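Assemble the complex: chain A is given as a structure, and chain B must be docked to it using the hints.
There are 2 protein chains.
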Amino acid sequence: MALPLIPLKVLVNGQISHKISIADRGLQYGDGLFETIAIYKESPILYELHLKRLEAGCYRLSLPLPKRETLNKEITTLCQGISRGVLKIIVTRGVSDRGYQPQPQSQSTRILSIHPWPDYPTISSEYGIRLRVCNTPLGRNSYLAGIKHLNRLEQVLARNEWIDPGISEGLMLDSQNNIISGTMSNLFIAKNGDLQTPDLSYCGVAGVMRKFILNQALALGIMAKIQPLTLVDITRAEEIFICNSLIGLWPVRSLNNIQYPLGSLTQRLRNLISAQLFCR
Amino acid sequence: MALPLIPLKVLVNGQISHKISIADRGLQYGDGLFETIAIYKESPILYELHLKRLEAGCYRLSLPLPKRETLNKEITTLCQGISRGVLKIIVTRGVSDRGYQPQPQSQSTRILSIHPWPDYPTISSEYGIRLRVCNTPLGRNSYLAGIKHLNRLEQVLARNEWIDPGISEGLMLDSQNNIISGTMSNLFIAKNGDLQTPDLSYCGVAGVMRKFILNQALALGIMAKIQPLTLVDITRAEEIFICNSLIGLWPVRSLNNIQYPLGSLTQRLRNLISAQLFCR
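For the protein sequence lines, the chains are A and B, in the order given. Last residue of the first sequence: number 280 in the numbering used here, and the count goes up by one each step with no gaps. Last residue of the second sequence: number 560 in the numbering used here, and the count goes up by one each step with no gaps.
Excised from the complex, chain A in its bound form (with noise of 0.2 Å):
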């Protein structure tokens, strides 16, 4: 499906408008921020999540944080109607002088964004996707590690590394070959009941579903551990799924040669994910 390359509706610090200014420090440096968040009913889901993640980011950039209220207002003026849809927020140091040093007077520019709904196949979610390992990898950075930033070349290159729409995503490691992420999806992997997400000290976005999955996993008695992982630690995995706030939850049926079940508790989470957040 070919969607268009022009958001549906846009609101630049509260206008409506498609421009930024090139000096904006987010073209310049990619100095900001970025949320992706799922609408459904006209509501953000898991909006409370993706705020504190975004407040995380601000707080570790140093940028001002748009004010809650204000936020709220625009997000709800921009979802009326939408009763599917996707919703990005943008929040970068705004417009600044040449060079690198952020001035203390900065301005943050906020954009806000609707898109048209992906439409992802339901085969993803139901049977499961073919995942392959990425060659591009991730830099090692604890002061950028977690928050969802600008800088997404390494995540550009790896998904420019194929084209096969038979492989729904890329496994990404980082330069000590540790296992870290899809391109744009977060990853776990159950063994014995339990499961295992990878930690994102050192690299990674820390993803809202992530999240929502670990808090429902101690909700539900269910072991979840963060911890590193390697590709050796997969290859033994009972069950591998990815996540992300648009996607929900896609359970992995291969990696490479890999064959892998459709686990009894990737479908409970699965189908939780569904009924709690996708089906008021």
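It should be emphasised that the hints constitute simulated quantities derived from the structure, not laboratory data. Fair warning: there could be bad hints in the mix.
To be verified - Simulated pairs of lysine-lysine, DSS-like, Cα-Cα distance not exceeding 30 Å:
| id | chain 1 | residue 1 | chain 2 | residue 2 |
| --- | --- | --- | --- | --- |
| 1 | A | Lys148 | B | Lys368 |
| 2 | A | Lys52 | A | Lys73 |
| 3 | B | Lys289 | A | Lys19 |
None of these values were measured; they are calculated from a predicted model.
Leaving out everything else, chain B in the frame of chain A:
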């Protein structure tokens, strides 16, 4: 001196404009490259070396390279009447759908802007500067090393570590404690009449002025080695200097508590840069 926030002249894809689409991948993911070029007497200085690096960056990112004749024409137009200034070229992967995957048919966006000359204090070049060591590390990723891409949050965070105007630059180390560069400059040390500059195979930007100095050293019979360097090497150096396309060469006179002389090799290279590039 307060510089204007908006550049003096801008061409976006050849048209006079100060704006780009919010759907441009340069903003969305930092998916692009840039060059910062000194203009002297209406000419871009070290233009061939800049274009060569831009070309290498486009190749690495699989980005369509703007046509040389188009760039030449636009740069000639923009530089008219500029006796001293800064030309910035940004090339992005252009507007696309949401999602990391580049579109095969994507058209790049080129943004050429003219900025006022920064008027650096004469003392920086003549007497030298104070350098500090930054805490923000550089992540190691050979896929992104050397090229001047738009993912510059590491430099932004490092430059935000100090506000003391008496400190002109910060030294950045990679996650394995190798010295790589300044936040906006490359670094050389001199010992026994030889030059050494950090290996940039895993991070850092391969500066155009660094390349010019390496070329000059070769022509003058000065031994210049590209190699891994640590803080210990710096401590034992006889001379240190930093360089970039705008500052030329600045001698480093202190790093934390260590003082360095204004050495003869540093002065020779500084004078050579002035004579060859900025005194025609």
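Structure-based check of all given hints:
{"no.": "1", "hint": "A:Lys148 to B:Lys368", "result": "holds (27 Å)"}
{"no.": "2", "hint": "A:Lys52 to A:Lys73", "result": "holds (17 Å)"}
{"no.": "3", "hint": "B:Lys289 to A:Lys19", "result": "holds (18 Å)"}
Violated hints for the displayed structure: none, as all numbered hints are satisfied.
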